[in-house]
Every structure is written in structure tokens, then in C-alpha cells.
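Position in the sequence shown (from 1) plus 9 gives the number in this note's numbering.
Calculated directly from the structure, the hints in this document are not laboratory data.
Be careful, since some hints might not be right.
To be verified - List of simulated lysine-lysine pairs, PhoX-like, C-alpha gap at most 25 Å: (1) Lys222 x Lys183; (2) Lys222 x Lys261; (3) Lys351 x Lys312; (4) Lys312 x Lys222; (5) Lys351 x Lys261.
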Amino acid sequence: MLYLWKYFVIARRWISLRALVQASACTVAWVSTSTWATADTTDNCVGWGYSNYGQATPLGACAKISSGGQHTAALQSTGAVVAWGAGQINTGTWPQLGQSIIPATLGVCTQISAGYAHTMALQTGGLVVTWGAGTTNQTNGGDNGLEFGQSIVPATLGTCTQVAAGGAHSMALKSNATVVAWGNNAYGQCSVPVTLGACTQIAAGLYHSAAIKSTGVVIAWGNNGSGQCVVPVNLGTCTQIALGAYHSVALKSNGVVVCWGYNGNGQIDVPTQLGACRNITAGGYHTAAIQNSGSIAAWGAGKTSQTNGGANQLEFGQSIVPLNIGACTQITAGYYNTVTLKTNATLIAWGNNDYGQITLPINLGLCANISAGGYHSAALTKTDEVLTWGYNFYGQSSVPPTLGACIQVRAGYAHTAAIKVNGSVVAWGAGTTKQANGGSSGLEFGQSIVPLNLGICRQISAGGSHTMALQSNANVVVWGNNANGQATVPTSLGSCTDIAAGLYHSMVIKSTGAVIAWGNNANGQATVPTTLGSCTQIAAGGYHSLVIQSNGNVSAWGYNASGQTSVPPNLGVCSHIAAGGFHSVALQENGTAVAWGAGKTVQVNGGTSNLEFGQSLPPTILGSAQTISAGYGHTLAIRVADTPCFGDLDGSGQVDTGDIAIILIDYGVCIGCTTDLDESTMVDAGDISLVLLNVGLCP
Numbered sequence: 010m011l012y013l014w015k016y017f018v019i020a021r022r023w024i025s026l027r028a029l030v031q032a033s034a035c036t037v038a039w040v041s042t043s044t045w046a047t048a049d050t051t052d053n054c055v056g057w058g059y060s061n062y063g064q065a066t067p068l069g070a071c072a073k074i075s076s077g078g079q080h081t082a083a084l085q086s087t088g089a090v091v092a093w094g095a096g097q098i099n100t101g102t103w104p105q106l107g108q109s110i111i112p113a114t115l116g117v118c119t120q121i122s123a124g125y126a127h128t129m130a131l132q133t134g135g136l137v138v139t140w141g142a143g144t145t146n147q148t149n150g151g152d153n154g155l156e157f158g159q160s161i162v163p164a165t166l167g168t169c170t171q172v173a174a175g176g177a178h179s180m181a182l183k184s185n186a187t188v189v190a191w192g193n194n195a196y197g198q199c200s201v202p203v204t205l206g207a208c209t210q211i212a213a214g215l216y217h218s219a220a221i222k223s224t225g226v227v228i229a230w231g232n233n234g235s236g237q238c239v240v241p242v243n244l245g246t247c248t249q250i251a252l253g254a255y256h257s258v259a260l261k262s263n264g265v266v267v268c269w270g271y272n273g274n275g276q277i278d279v280p281t282q283l284g285a286c287r288n289i290t291a292g293g294y295h296t297a298a299i300q301n302s303g304s305i306a307a308w309g310a311g312k313t314s315q316t317n318g319g320a321n322q323l324e325f326g327q328s329i330v331p332l333n334i335g336a337c338t339q340i341t342a343g344y345y346n347t348v349t350l351k352t353n354a355t356l357i358a359w360g361n362n363d364y365g366q367i368t369l370p371i372n373l374g375l376c377a378n379i380s381a382g383g384y385h386s387a388a389l390t391k392t393d394e395v396l397t398w399g400y401n402f403y404g405q406s407s408v409p410p411t412l413g414a415c416i417q418v419r420a421g422y423a424h425t426a427a428i429k430v431n432g433s434v435v436a437w438g439a440g441t442t443k444q445a446n447g448g449s450s451g452l453e454f455g456q457s458i459v460p461l462n463l464g465i466c467r468q469i470s471a472g473g474s475h476t477m478a479l480q481s482n483a484n485v486v487v488w489g490n491n492a493n494g495q496a497t498v499p500t501s502l503g504s505c506t507d508i509a510a511g512l513y514h515s516m517v518i519k520s521t522g523a524v525i526a527w528g529n530n531a532n533g534q535a536t537v538p539t540t541l542g543s544c545t546q547i548a549a550g551g552y553h554s555l556v557i558q559s560n561g562n563v564s565a566w567g568y569n570a571s572g573q574t575s576v577p578p579n580l581g582v583c584s585h586i587a588a589g590g591f592h593s594v595a596l597q598e599n600g601t602a603v604a605w606g607a608g609k610t611v612q613v614n615g616g617t618s619n620l621e622f623g624q625s626l627p628p629t630i631l632g633s634a635q636t637i638s639a640g641y642g643h644t645l646a647i648r649v650a651d652t653p654c655f656g657d658l659d660g661s662g663q664v665d666t667g668d669i670a671i672i673l674i675d676y677g678v679c680i681g682c683t684t685d686l687d688e689s690t691m692v693d694a695g696d697i698s699l700v701l702l703n704v705g706l707c708p
């Protein structure tokens, strides 16, 4: 029993965290008019800070989606709204008009709609909230022609049941079924017909508007230069309407799709083999629909999938549906991209990605392991799958298709490394060409070329441009950039229990608990304090170092210009630490995340140092966390499951040895190692709770 307990204490330092099979997790986050699926809240990964490449924006199960000009918004099953793409920074100039910045006071919502450069949401009480272009209410539209007050909700609007965001105008369907529109009215798109009457659905295009009356009849108004407002005479009753830039699409009550308006790209040429559909969408110059079978059909611009967008910037493959996409329940088309919601509540996107509008925050599900890199993020799911998102210039977010199941993943500054279930290491991203001088990018140091005969490893760490591995025999191997000696392992190092790779320095914890560091020491980050004593965990940042001592206290040293080594005096005992580029994060014993250093002021433009992105401000919705990871300017965390920390896992009808066996096997500690851990004279729920507490899953 004592041996097993000690084994847990040692193993928790290197095994990848797993979540209980039955555990449900908190959904966390920061358009369509119909909900076709009910999504379970199964995600528990949270990200914050710098996210210019989407690296800080993981996403969970979704209920509704909406794509705008160059951004996308999603409504999670909890009612939280998430947005990404253009508008992450509110500069007031196109395209960064704040359309992807969710208002802090937004709260729980029931519907969303993404316009060309603004976003709308309907709160649970029926109130409309808008943000993005139009907030200044310039009467002339400003230099970018988008400031028409479309984000200023009329004071007398009242409660509503639906919203729709257009090019530079907004629409709302009030609780009494009447339609209200505001914003740019240059083409009469905000002049709601006085005889319209009660309606059941609304839609906003680039410069025109439409509604479905309570009788099922479609009415359209506004710009009619391409006949987009001329509703076909024999259209009949409809259940859904969608508007593109200059064309209109309707779904008839019998499932037939009808299109009219501009057809320069074939966007109104409905495929003859389409069949009955249940959901439609219209993009800038393309159209898509979900058939009753759940399969997707798309037509119009993007069929040739030219990589440069072609001369007219319309050929981005937005009409080429990905293979093996599976059954879907909802679809939304942006100006040049398409996003669909699958039956399992996950998202798939394709088309133009100039502003990250299709670089989706991935539905991670229950996460076992997370890692924040320079400008990308990586996660290991409960099913041992590696997922990455964010910047991919060096291929650091392109997971090798043959990778297979893994037990750990780590994101470096521009590369990623993982340990497979057989203990072998695989790495990808910057460094694959192994240029001796680093090349023009200064990143090609072979950090992604795993040394031959590396053998079985139990831990990896990816640094700025070097990689570390802890072999199964407790020896340390380092490869990649060695300009600062960070890859030169001390000859007398011996066996170790933990490793950490910083930007240009390396750290380890020896089996004695002593910390050793080497590499760049310009800021003293490799000078371990002589009074430090035994430690249980280390973290290496840009130019600073962190440790958790055996008593649970956190110590830091090295560069401190942003306060990253100024440990809060009241921090107390901690269970986990992470060091970013210029910030530090720690988890207290109760799971509360505390952060300090760069990012405290959250300057909108990142400040002159490009470091003030809020990476040191854990969101209030984070709650209790079980592990954290700090990237160069962003932070990730896995939340603690909301379920009790013990239970019947094997379906035997009682808490017994089988349940503990499942946990031990799942954590990779041992098979058949079931015993009485809490000395209650029997294997029971207390033993399971003790195991989970020890590996950091239960506070």
C-alpha cells in the first residue's frame, strides 16, 4: 500500500492527466435562426490572452453558429457566446472593429447573428445586444463605410425573439412578431414595409432584408440591383430564408430550395440532385444546404479552390465540402467561408481564413493534457488524440496524420512534440530542415528532428527552439538550438523526475529534489537560488524560472521587468505552476488560478511591448482548475469536473476494486494495482477520492 502511494506521488509528475470516464465538465467561453440539435456540455478547456492566431480560443459543444464578413460567432449550449476571426482588436479601422470581442456583460444568450463587421446577440430575457462596426453612429459611414449605427440598439426596441445582422444594418423580430431594422438605409434595407404584419423569421443580406410572414410568405426589400428582392411568384410557403451579398435563398415547407438574384458565380443554380433539405445558408457569393439525411451540398464561388483567391478574391474553396464530414444539423456561410455544426455539436469550417475565421477553437471534450506555445496551443483529449490550433506558419499546428494515440503533448515557441502510447517521441513544426544557422527565421535548429535511438520516454518539454525528453530510465536528452548551451546536458546530471524547457534555457529536478538549470543566463534565469531546497515541480518561461518547493510554496527568479518573478505574498500552497513568455501562473490547492506579470493591464492594442493581452487575468468564469499552461502571451487551463470525485465506474452497481482499476489503468500507473489506500479496511469510494485528489482532479 505504501509503495503504491509513493508511486502515485512520483508518477503524477510525468503522467498525462486523464479525466474520469463518466465525468461531465463545465462549459466555458467568453447565426442562424434555428436550433437543430441539442448539445451536451463536454468541454473543459479554457484559454485567455493573446489570440491573434486563435491560440487562446478553445471551444466546446455548440448549439448555434453564424458567420459574418470575416468572422464567426458560436452560441454554446450553456448560452455563452464565442467569436473569432476579424475584430479581435477594436482599432476602429477595417477589419478590426471589435466584432469578435464579446461584451463582458453579455451574459446568457439564446441566439446570435454575425454581420459583415458587427455581431448581434439575443439575451435570455429577450433584450438585444450588439457590438462591432457602428458603435460611434457616424452618419456618413466613416472612412470604411461601416459606421451606420448598426450596433446601437434603438432605445424603444423592447424584448425580441430573433436578430439578424446584415452588411451595415441590423434587424430584430419583436415579441409581438413585428420587424424592426436600423443602421445603413442607403438602399431602403431598413425601411420595413408598413403592410408586413406578423412574421416568424427575418434575414439580413449585404444591402437587402427579408422576412417570412406568419402565413409562410416571403417578403424582401432593399437593394434590388440583381433582382434579389424579387420573390418568385410561385414560391409558396417557406420555413426559412437566407440572404447573401446579392442573392436570396428560401427553404420551402416541402424541403425544396429556391434561389434568386445575382448568379455571377452560380450561387443560385440549385443542384438538380439536391433533394429535400432542412437548413440553408447564403454567403457572399455561394450557397449551402443540409439535406434531410444530414449531408451538405454547396454551390457558387469557391468551386475551384484557388489558393490565392483568384483575381476576384472569391475562389477560396468555400463551396467544396470536406470529405467524410459526416452528418450535420446546421450550416452558416460567411462572405468567403462556410461553417457547419455536426450532430455531435462540433464545428467544421472551410474557405477563406485571412483573419482566422475558420481557424476554429476545437471542441476538445474532456482534456487530459494541454500546452500553450508561442502562438499556438495543443491538447490531448480523453481519447488520447492530439489536437492543435493557432499559428501554423511552421506547421506546428499540423498534427501528423499517422501520429495515433498519445500520452502527452507539449507546444514550443514554433514546434510541437508528443509522446505516443508506446513511449516514442514525435515532433513537428519549426526545425524540420535542421539548418545549422537557423535560417532566415532563426527557428530551424532541428528541434523537430527526434534523435535516433531516443528510446522510450515518459516526459517531454518544448522550448523556444530546443526540445527536452525524460527517458524511461530517468536520463535527460536535449536537442535543437544550442546557441546558449541550452541543449548541453550537464555530464553529472544523473536521474531526474521533471524537465522544463524555456525560451533559451533548460531546467530539471533531480531525483533528490534538487533543481538544476543551464543555458541562457543573461537575466539570472539559470542561477538556481542556493537556499531553494527540495522541489516537486518546475516551469521555464521566456527569461525566468518558477518552482514549487516541497512545502507547496512557489519561488521565482530571472527577468522581472513585467513582474513575472514577483510571487504574490499571499499566494499560499500551490499544486501546479506555468511560466509564459513574460508572465507566471499558479494553481492554489483549491484550484484557483493566480497569475502575475505581463497582461495585467490588458491594453487593447497590446502596448508597445506586445505583451499586454490579459494573459495574467484568469477569467472569472474559469472557476476551479486542475492544470494550467502558459504560452508566450496566452494561457490555457483545464477546469475541474463538476461531478463527485468517486463513483461506480465499471457499472458493477457498487464502488469496488474494479472502479479503482479503471482509474489506475486510465492514468497509466499500473494494471491490477487495486488496494485500500485510505486504510478503511476495504476498497471503497474513499480510495477513489484519494487517488483523484493526489493527481489533482479533485480539490
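A quick look at each hint next to the structure:
The straight-line distance between the Cα atoms of Lys222 and Lys183 is roughly 13 Å, inside the 25 Å bound, and the hint therefore holds. The hinted pair formed by Lys222 and Lys261 meets the criterion: a straight-line CA distance of about 13 Å does not exceed 25 Å. With a CA separation close to 22 Å, the supplied pair Lys351 and Lys312 stays within the 25 Å bound. For the given pair, Lys312 sits about 34 Å from Lys222 by alpha-carbon distance, which is inconsistent with the 25 Å threshold.
Under the criterion of a C-alpha separation no larger than 25 Å, the hint pairing Lys351 with Lys261 is consistent with the structure, at around 23 Å.
Hint 4 alone, counting from the list given before, is not met by this structure.
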